[in-house]
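**Q** The primary structure of each chain is shown beneath.
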Amino acid sequence: MSREIALLGVGMHPWGKWGRNFVEYGVHAARAALADAGVDWRDVPFVSGAATVRCGYPGYVAGATFAQALGWQGAQVNTSYAACASGSQALAAARAKILAGECEVALVVGADTTPKGFLAPQAGERPNDPDWVRFRVGITNPTYFALYARRRMALYGDTVEDFARVKVKNAAHGYANPNARYRKKFSAQDVADSVMVADPLRLMDVCATSDGGAAIVVASLDFAKRMGRADAPRVAGISTATPTFASGQVEMPDLATDSAVAAEPRSFRAALPRQAYEEAGVGPEDIDLAEVYDLSTALELDWMEDLGLCAEGEAASLLRADETAVGGRLPVNPSGGLACFGEAVPAQALAQICELTWQLRGEAGERQVTGARVGITANQGLFGHGSSVIVKR
Amino acid sequence: MVAPVLEGWFTLDEYAPQLLGTRCVACGSYHFPPQTVFCRNPDCESDTLEEVELSRTGRLWSFTNACYAPPPPYVKEEPFHPYAIAAVELERERMVILGQVVRGVDVPDLKIGMDMELALETIPGHDSERLTWKWRPADGGAR
Chain A
1 MSREIALLGV GMHPWGKWGR NFVEYGVHAA RAALADAGVD WRDVPFVSGA ATVRCGYPGY
61 VAGATFAQAL GWQGAQVNTS YAACASGSQA LAAARAKILA GECEVALVVG ADTTPKGFLA
121 PQAGERPNDP DWVRFRVGIT NPTYFALYAR RRMALYGDTV EDFARVKVKN AAHGYANPNA
181 RYRKKFSAQD VADSVMVADP LRLMDVCATS DGGAAIVVAS LDFAKRMGRA DAPRVAGIST
241 ATPTFASGQV EMPDLATDSA VAAEPRSFRA ALPRQAYEEA GVGPEDIDLA EVYDLSTALE
301 LDWMEDLGLC AEGEAASLLR ADETAVGGRL PVNPSGGLAC FGEAVPAQAL AQICELTWQL
361 RGEAGERQVT GARVGITANQ GLFGHGSSVI VKR
Chain B
1 MVAPVLEGWF TLDEYAPQLL GTRCVACGSY HFPPQTVFCR NPDCESDTLE EVELSRTGRL
61 WSFTNACYAP PPPYVKEEPF HPYAIAAVEL ERERMVILGQ VVRGVDVPDL KIGMDMELAL
121 ETIPGHDSER LTWKWRPADG GAR
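Protein chains in written order, with my numbering: chain A, 1 to 393; chain B, 1 to 143.
These are computed hints drawn from the structure, not numbers from a lab.
Given the structure is predicted, the values throughout are model-derived calculations rather than measurements.
Glycine included, every Cβ here is placed at the ideal spot set by N, Cα and C.
Where hints are given, some of them may not hold.
[Claimed, not checked] Example chain B residues on the side facing chain A (calculated, C-beta under 8 Å, incomplete):
#1 A3
#2 V5
#3 S29
#4 Y30
#5 P70
#6 P71
#7 A87
#8 R94
#9 M95
#10 V96
#11 Q100
#12 R103
#13 I123
[Said to hold, decoys possible] Calculated cross-link-like contacts (lysine to any residue; reagent style SDA-like; alpha-carbon spacing at most 25 Å):
#14 K225/A / E251/A
#15 K76/B / L203/A
#16 K111/B / E251/A
#17 K76/B / K225/A
#18 K225/A / R42/A
#19 K76/B / V195/A
#20 K76/B / D129/A
#21 K76/B / D131/A
#22 K111/B / Y156/A
#23 K111/B / G313/A
#24 K76/B / P124/B
#25 K76/B / R103/B
#26 K17/A / C67/B
Here chain B stands alone, though its shape is the one from the complex:
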């Protein structure tokens, strides 16, 4: 299996991956990225957070694309292939999470409000590709 770009940020289930976050046991606030070790609710004194798998589906809050390769630390492949980017709102967690969109799904395929689901796909790496989370339309993105 291709190594993840960030350790411990998502499960490696290629069929139904999930982002890994943390949840405060006292107030229930979710946190992503998962390294958060203290509850970010200013009114919550608990610092006991449990690792949780975040909802793997959500609604598209907004979207865009990257027409030019980002600067380092993004590892630019030659030639650069533009990709879409999605901000997806998770209902249970009441939070919005960004991610690239899977290859083959572009801006014209996207519409605010559509159902999206999490996927794993590669992005360029220095010695070899890396696995990262991406979003895709929940219906498979069929045009």
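So that you can see chain A by itself, here it is in the shape it has in the complex:
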């Protein structure tokens, strides 16, 4: 029996910075996804929300919040929080419900409105909270990205010019994306001229935080067929993996790795997509395009290798050969990535899926990847939340 579900509808509110209520962005995206799917809100029996922890109680119960905003109709509800991976968990909840035969169609939605600058934890003294501790002693998100970037330079000979090249490529993609917050063809010089944030990463190497909302309508293959949409792209695999001990790389928000005295050190990111590949029955060689979490320019290169799209250390050479640009052999972040969107935590994993859906339908306009049939997403949330979704046509 197929474990695939159909992606019937997708919708996004453009990313930006307006400081409006996150619910507005989510409702906008939800309505767009429902219209795209040709499904009435009344007929949605399951709402799977991705939570935001920055918007008070309504954000913690996002599924119900969106359901109320769209108008209570008695739907079953679920809300997931997994930091940046929230959208994938929310999708996994919807898929499980559909595959269990408990519903035929579901709405998955996430949105956020975020403070300017560094992502910060809630107020209060919390020495037992790793996320509180690391800020207290002066460690931020860019700290981690920069540590990883410096490793790439030392191990593989990557340069800051390579990192800047990721921004330039993604900026060209985002220029063609009406939902992107930043639509400007930045140059390598623009990156080099921006202020240093966490050496070697400059302001334009690190993504911003944004307001945004994304939604998808998923359905059983049977339902899709009855709607005349047997050709809809399908979710073929989902990974919501956690790390395996001993996790060998220091990961946000921790200040230390596991100790590898009793168990060999492992890479969490490299293991993260395995479940998705297995479920989808494909390998890296089958991937036509990827949407990965470019929290920093350098991290996009790490992701390419962690997804097995190229050998360790080779990502920069693919980038330099323009293979990861739209028009190249293996486009990465054809949407423009976080470089052009900034991060709206609960909406971001869903935005990645929206892009893959448009691409596989041939609706990506100037960003279109020719012949896209199999796409993969990857991201990672604080506290051990892996996320990878494979979409197929």
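Since the structure of chain A is already known, use the hints to place chain B on it.
**A** Same frame as chain A, but now just chain B:
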């Protein structure tokens, strides 16, 4: 003596401080931060952890800096002084631990692979400064 920013995370020996961690008596896995009260090895059933002083030297795994003051709960001093940050790999414990780098040692002074040692130094606090662990080059960081 200046109060530590986190109680029980490091010894207060200003000449040879050590981070305090825990070690599982059954499988030997170290844990830092020290509040871990159960062994994080999924194959280990022991929950008996002893407090240990971690190695005070290690190799620089990677480094960076903070050019802008972090948001709260970091206590921002005026003016903000950028500082370097180090991720240091401890050999015996087979783990990497992050920390700021002592004042006066900056990114150009650092190189992956160099020997680092633990030090204690102040960071800003609300009413008064606090003591925290930091890393410094084992040779004293002479330029």
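**Q** Next step is simple, just say for each hint if it's right about the structure.
**A** Hint by hint, here is what the structure shows:
no.	hint	in the structure
1	A3	13 Å, violated
2	V5	6 Å, holds
3	S29	5 Å, holds
4	Y30	4 Å, holds
5	P70	5 Å, holds
6	P71	4 Å, holds
7	A87	5 Å, holds
8	R94	4 Å, holds
9	M95	4 Å, holds
10	V96	5 Å, holds
11	Q100	5 Å, holds
12	R103	12 Å, violated
13	I123	7 Å, holds
14	K225/A / E251/A	43 Å, violated
15	K76/B / L203/A	20 Å, holds
16	K111/B / E251/A	21 Å, holds
17	K76/B / K225/A	59 Å, violated
18	K225/A / R42/A	20 Å, holds
19	K76/B / V195/A	20 Å, holds
20	K76/B / D129/A	20 Å, holds
21	K76/B / D131/A	17 Å, holds
22	K111/B / Y156/A	15 Å, holds
23	K111/B / G313/A	20 Å, holds
24	K76/B / P124/B	7 Å, holds
25	K76/B / R103/B	16 Å, holds
26	K17/A / C67/B	24 Å, holds
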